[in-house]
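The chain contents come next:
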Amino acid sequence: MPARIIEPNTTPFAKVAIDPVTLDIIENALRNARIEMDATLVRTAMSPGIREQGDAFPLISDPAGKMIVGQFGSFIDGFLKQFDGTIEDGDMIFLSDPYSCGGAVSHSNDWLVMLPVFKDGRLLAYTAMFGHQSDIGGSVPGSMPIGASSIFEEGVRIPPVKIWKKGEYNEDLMKLVMHQTRKPDWCQADLNALIASCRVAARRVVEMADRFGDDVYVSATQELLARNHRAMKSLLAMAVAEEPVSFEDYICDDGKGYGPYKIRCTMWRDGDKVILDFQGTDPQSAASINFFLNENMFKMFFGIYMIMVFDPQILFNDGFYDLIEVRIPEGSLLKPHFPAALSGRTHALGRIFDILGGLLGQKTPEFLNAAGFSSSPHLFYSGWDSREDGTRDWFQLFQIGFGGIPGRPMGDGPDGHSLWPGFTNVPNEFLERYFPLRIERYATAPDSGGAGLHRGGNGIHMTYRFLADGEIAIHDDRWFVPPWGVNGGHPGARAKKVLERADGSQEIVGNKVESVSVKAGDLLHFITWGGGGWGDPLARDPELVGLEIRQGLVTPEGARAYGVVADGEGAVDADATTALRSEMTASRGELPLFDYGPGIDALRANCEAETGLPAPVQPVWNLREAAE
Amino acid sequence: MTYRLGVDVGGTFTDLLLFDEGSGAFWRHKTPSTPHDSSEGILNGVKAIMADAGITAEQIAYFLHGTTVATNAVLEGKGARVGLVTTQGYRDIMQIARSYVPGGLAAWIVWPKPQPLARLEHTVEVPGRMDAAGREVAPLDEDAVRGALRKLKGDGIEALTVSLMNAYLNGAHESRIGQIAAEELPGIPVSLSHEVLPEMQEYERTLSTVANAAVRPVVSKYVSSLRTKLEQEGFKGRLSLLRSDGGLMSSQKAEEHPVNILMSGPAGGVTGALWVAKNAGFENILTLDVGGTSTDVALIQGLEPRRQRTTEVGHLSVRASALDVKTVGAGGGSIAHVPQLTGALRVGPESAGAVPGPVAYNKGGTLPTVTDANVVLGYLPEDLLGGAFKLDREGAKAAVQTIADALGISLMEAARGIIDIVNENMFGALRMISVQQGYDPREFALMGFGGAGPLHVNAVARLMGSWPAISPVSPGVLCALGDATTRMRTETARSFSRLARDTSIADLVSVLDDMAEQTRSELVGDGIPEDQITSLFEIDVRYAGQAFEVPLTITQAVLEEDGIEGILSRFDEEHLRLFTFNMDTPHEIVNLRAVAQGQAPALPAAELPKGDGNPQAAKIRDHTVWIDGSERPAVIYDRAKLRQGDMIEGPAIITEMDSTTLVEHDCTARVDAVGNILITLKTEG
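Note that the protein sequences, when read in sequence, are chains S and F.
According to the working numbering, the first sequence is numbered sequentially starting from 0.
According to the working numbering, the second sequence is numbered sequentially starting from 20.
Hints listed in this document are in silico derivations from the structure and should not be mistaken for laboratory results.
In the SDA-like style, the derived pairs of lysine to any residue whose C-alpha atoms are separated by at most 20 Å in a straight line are:
no.	chain 1	residue 1	chain 2	residue 2
1	S	Lys-164	F	Phe-600
2	F	Lys-345	S	Arg-30
3	F	Lys-255	F	Ala-67
4	F	Lys-132	S	Pro-420
5	F	Lys-132	S	Phe-422
6	F	Lys-629	F	Arg-689
7	S	Lys-164	S	Leu-175
8	S	Lys-232	F	Val-357
9	F	Lys-132	S	Leu-543
10	F	Lys-701	F	Gly-648
11	S	Lys-362	S	Ala-240
Some chain F residues near chain S, calculated using beta-carbon distances under 8 Å:
no.	residue
12	Arg-110
13	Gln-114
14	Arg-117
15	Gly-123
16	Ala-125
17	Val-129
18	Leu-139
19	Ala-151
20	Met-184
21	Met-219
22	Leu-360
23	Ala-363
24	Asp-439
25	Glu-443
26	Thr-604
In silico negatives: residues of chain F with every beta carbon more than 12 Å from chain S:
no.	residue
27	Ala-72
28	Val-209
29	Lys-255
30	Pro-400
31	Ala-637
In this text the structure is predicted, and so the values were computed from the model without any measurement.
Backbone N, C-alpha and C define an ideal beta-carbon position, used for all residues, glycine too.
Please take these sequences and the hints and turn them into a complete structure.
What follows is the structure, encoded as structure tokens:
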């Protein structure tokens, strides 16, 4: 049963003509309101995940739930279809269960707050924001159990409920929710922050309607959607062919020894409409790497990529949604059946973007970017502060790492930067001040960026010295299947994690592990992936390669991938370089559009030797189904 | 008789304002800037203005100067070749920065890779480590330090910076490297992070230290060349530079800590506005400084401009106090265009700049700009600057017509649309510093200055509800006025990072006393008499765990009277105002700052002769403007001939040497006693 919207004032908004200037002014004001949402959130949140790293996403929608400004597209329409209840003035909706909102949030850690904005008895807008909570209970600190086989192990699940009901705060509900988490102080502060952001935006929307008139405001939002529709329509006709193109990439493993998992997408245009079909994507995993992908969210990702690749000037909104059809097979990795575990969805979420890049760039290689998304690599570290002068208090760290930005048409990929919008690293002095940690190395990993005319960004090599006994968990990917290069560029290096015990022994640990005990004095090397390279590495200026040797970004051995012979001081031997380059040119074939590395079979065969880890085992789906 | 001379160097013009400390009389002068060496343009101006006032250089007691020389060195990458010494394992600190890519999803595709201010090939790392309590974990390896410094010497670095992990708690290793550098790199200036910015967060501290070192040689060279030239003219007074936070610092101090003058330019306008506000009897002012390519806005409440702890220069955010000035890419030269794909009207951020400039300037510009729209609408009369320079209205019309055609509207509608959009962009910036900080703009007056501020101030005041709209005396040289009328200031900051409940008032007072002493003696060293110095404290408070601190300004007397509880309740109040909620979480006292200030000079503004309310004597001619949907008759007045009390009915245009004020059709302007034009809605009288 769909939601019933209670509007005391049933007069519909009149559609009025909007002059182009007013339209632009309203668009601009909406953009500012959205910026204000972000600022409010970051200033008042407390968990490092939100306050330092910015892991949260805002939106403002029209009365029908279509996103006018925001980031990840609107889920409100889908939510309204499923929500069995009323929406009234003074209500505020709170939820975290992906299965209750069609994947609007994709794991239970993301708490979403949605505020219907009423003015004079009529629903004028929704403002909403979701943010990643550092802990929501469940079987492991951080609430993202790699070993989970169902969502019930992943902490408190909040179906759509009213945190405020007609202006009345539901305190009992919040007590119940906060009782489930290991970090109620962070959760409460972060929830306050989400609410404050939505309220700020709601105030701005009402002010806009006051200023321009309710009818003008609502008509303007419709015109903004229509304008986007028109722009996207011509962009799609220009950039997407009727002939299907496909692209596929992999999640390396599921943390239980199986992998890789394939995600495949095929794209074609049928008249005005673009179809994106995930047929060929592997079935859902028995572990927690499933990604419940909301179709509208994927439309938005697609739209934003189109815009960024072809015309970054356009402000994106939901207006173009009916120009795109997304088909996701039921029971696949991207649309798992309830109650599949979802907490480790970050890997597939990241991979979706590499796939989009690969799809869009095939017909227009000059716009093609290399691969660079692993996931958002996570480190969890928790325990009791047992240092001599420690507080004996419980500590719990959730940190997001970054890798290399891929080589791009415009140039090199930045080293150790975030592919996610608004994310920043946590200052190491902050980590050392508030956690029993010393960060002994925070540097880029030389040669990890794929060679190319435009080099892929290097990944980060971060070394943690643990100062108290505790447990760690690691979530990362791209350790088995490398990030591909394009237009002749090489793949980037893969991720790696090494634990160096205080007794001097070393072990390579997996990229999806949890409940690993660490002792005070142990070291963890957390090394992330490099971005793929763009264009022919033999065409890169040898002097630039020499400079990057002096900068420590490339080693003399790594320089040979560019056909450059140089010493440890970065002095280039011009003759040897010319000779090496002509030899390499002669012996290689035509440059491939995509360089995926040696292929899955070869990766599997060499896995142990190259990565120090056993190769993942090919998952067999009918066995899993039979076991259920 | 002594004189104060304010000098502001802009991209196009150098503005001078000479103030007679006794009578309040002033002279102003504008001369073309000389970008290759701005002291040349300054000297031209100084000679001209002295001749104008009939004085000699000996009579100038204070030469007070706002400069963008440091800003430009950063923006144009023309700073010194800086070597950086980091802790082992942290060589890439500037390369990785905060890993932040500006913009939305997928913005990394179009984000240019930035070059660090200290180049990576000139960055070295050395063994030695402090922990997060300031204790030595590993001793400094002095041999490695020497080796690293010799390498940097070979690289030909011009300045050295040292920034080590946790040095904000214990700077011993940095200091030792400083000593070794004095032996290994004699003559190379050294900046240590724990001295420049003793605060947590290694990247921000390193960046601030590097920025300081990078601009130091440039600023030093500039200051000494300026000083020499002024001395050759016979100047014997004191040379001070305007800090980003709106105070003055001695030129010697500026040479050592140029990181404090990175936003010296925009600060001048705000301090000028402050002086005007005092004389016009307003305590709460929003400023609107409209230039050719951008607009700066700031907020003054209770005659105190809002400050912030960071200085934003280009994409860099340096930890040094600055006035909270927001900049938008909207100015007279902003170009209007209609992208084909969306058919939307966009104005800026691309600008025609000074060259080729707006079409109406006849210097080769072909694209329609905000200035062109103002010319088309009649807001900017064709004969500017007393007839010396004629605007090309027909050219402007043809350019704006292209916008009208693309949008399918009339020429005048298109022109007004361009103005409305650019006003809206300014409005957005003003909202960021007012509404979004919890201030109600209706409690503020809006002051428009810079070349084009008075043209837009009336319309923007209407959007904000901020009345009156003020066109101050000498809007075109307000920055120079600000330079001339502000006071000396210095500050020092420290990390405190303790829970309020674990802090005694005695602890706090003893640290603050220490800091106050340090700042006061600095000003005494600059020749300010002890009894003229006032001290203020700023305490940054947050709920433990938050990333954002609220700075609270407090005097020693209030601190002793209200105690820590008093600070915390003020914090709760401010937090509620900003974010609409309070929390039960413990309070953390994050940072402490002590500020010492000299006395503000008592500089009265000169009164205008009293008039009878009728501005007829100042009328130049009749005119027409297109406003509120139609062509309307208007009158052009000469500002120099207006008298106090004159009432001007809109629509009207008031011209002067370097600026034009527009009074809209439903507004009335009144000339106050000292010549400010105050515009209000007719209905409000």
